[in-house]
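Spelled out from the first residue to the last, the chains are:
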Amino acid sequence: MERFELDARRLLCPLPVIRTQNRIRSLRAGDTLEVVCTDPGASHDIPAWCRVHGHEVVEVAEHGGEIRITIRVGGPNAP
Amino acid sequence: MSTQRKAVALVSGGLDSMLAARLMLDQGIHVEGINFYTGFCVEGHTHAIRRKDRDKPKRNNALWVAEKLGIRLHIIDVIEEYKDIVINPRHGYGANLNPCLDCKGFMVRKAHEWMRENGFDFIVTGEVIGQRPMSQRRSTMPVVARESGAHDRLLRPLCAQLLPPTYPELQGWVDRERLLGLSGRNRKPQMALARQYGLDDFAQPAGGCCFLTNEHYSAKLRDLWESRGEKRYELDDIMLLKVGRHLRPRPHFKIIIGREEGENRYLEGYRRQYINLKTVSHSGPLALIDGGADETDLQLAARLVARYSQGRDEDQVRIEIAEPDGQSRTLDVKPLADRDIPQEWYV
Ligand code: SF4
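Residue numbers (our numbering), protein chains in the order written: chain H, 20 to 98; chain B, 110 to 456.
Same shape as in the complex, but just chain H (with noise of 0.2 Å):
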């Protein structure tokens, strides 16, 4: 189970959720995902992708203007 971070700074939606969904799809079930990024969408499009993929998000923290979204991979990890 290991710990990620993906860099989604200055992209604007959609662009931070298919990058978080492009990263996802070579991580296992159990894995911890982080996304840094700046467009305030994506607090909510990157939790609404993980609902409907069935990964967790742990949390959602906002600081200095950015956001920080932490998921858990769910399994089946598959497509």
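One or more hints might be untrue.
Simulated DEER-style distance windows between Cβ atoms [to be verified]:
(1) B:N227 <-> H:T51: 23 to 29 Å
(2) B:G201 <-> H:A80: 45 to 51 Å
(3) H:E24 <-> B:N227: 36 to 42 Å
(4) H:R47 <-> B:V389: 49 to 55 Å
(5) B:P360 <-> H:A48: 55 to 61 Å
(6) B:N227 <-> H:G49: 19 to 25 Å
If we take Cβ atoms under 10 Å as the criterion, some of the chain H residues that face chain B in the derived model are [unchecked claim]:
(7) Q40
(8) V55
(9) T57
(10) A67
The set of hints was computed from the structure by calculation and includes no laboratory data. Being a predicted model, the structure only gives us computed values, none of them experimental. Every residue, glycine too, gets a C-beta built ideally from N, C-alpha and C.
Take the given structure of chain H and dock chain B with the ligand to it, following the hints.
Same frame as chain H, but now just chain B with the ligand:
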């Protein structure tokens, strides 16, 4: 027990594609959605930019639809590949720079590739005959099916009864009797269906699925191509066309002026790529220069920026001009009067 068949549904975030997917779920088909990000899509970015839009629900319509239907949604970045569709559409443009027919063919083709890679059985779209003047006519339905390579693996549940039976119907995976025969621009049947399914709180972006159907946006894109002498764009170019006031005082440069705080903040992100101007003596917008501007051009640009600042009625406004490398200087200028800004400058 027979195996459950799988369909990949093009989900735009609009009502029709939502209903098409819903009809498949009704028939026991496993459905997953696919959505393509071309860079021209109306949603996303736009929420983050303008302040007046900040209070609107910030959601991606396609994701919202997927959640409502309880299906997975795959969002695919097609920014690069899509350029060729916008630049060289085989079937030409619609009323504006919207290459709808080529676009449909492209998206169905991508969905078909995805279908094969992921072991799915067929493709579903929300197309309705006669709904859209360019891409959804009886004569274009076979064009999309053929050019995409999807052929009879492409099912349009909302108008299937008016079209020849497709593979999923012939195989008995889908019951043709329970598909629809909608045609024309009347939206009432879709509304009624949405109510029946409890999906009437649907998202409906006005005026098509992308900025290319927008007259003003298309004018700006045309201007960009004309000024470059060729049809070419990068993602940053087309994103910037959605933001700010665009004025072209001289053929070789354009100025993009933020209209409010949200846009100024957005333009901030481009200060390392473009010469940028902002007012220092008064509060005012941030502006970017696109093109090669000489000293006289910069003077003019500074006077324009001053016009859109709080100092517009003053005799002098101080403007800071910064290069992409961060080097900056200031310039005192008299704001341009409205009568000195020809209408043709507005792109
Ligand atoms: S409106 Fe835009 S996204 Fe929709 S079919 Fe036409 S070109 Fe494609």
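| message | Under the constraints set out in the numbered hints, which ones does this structure not fulfil? | response | Structure breaks hints 3, 8.
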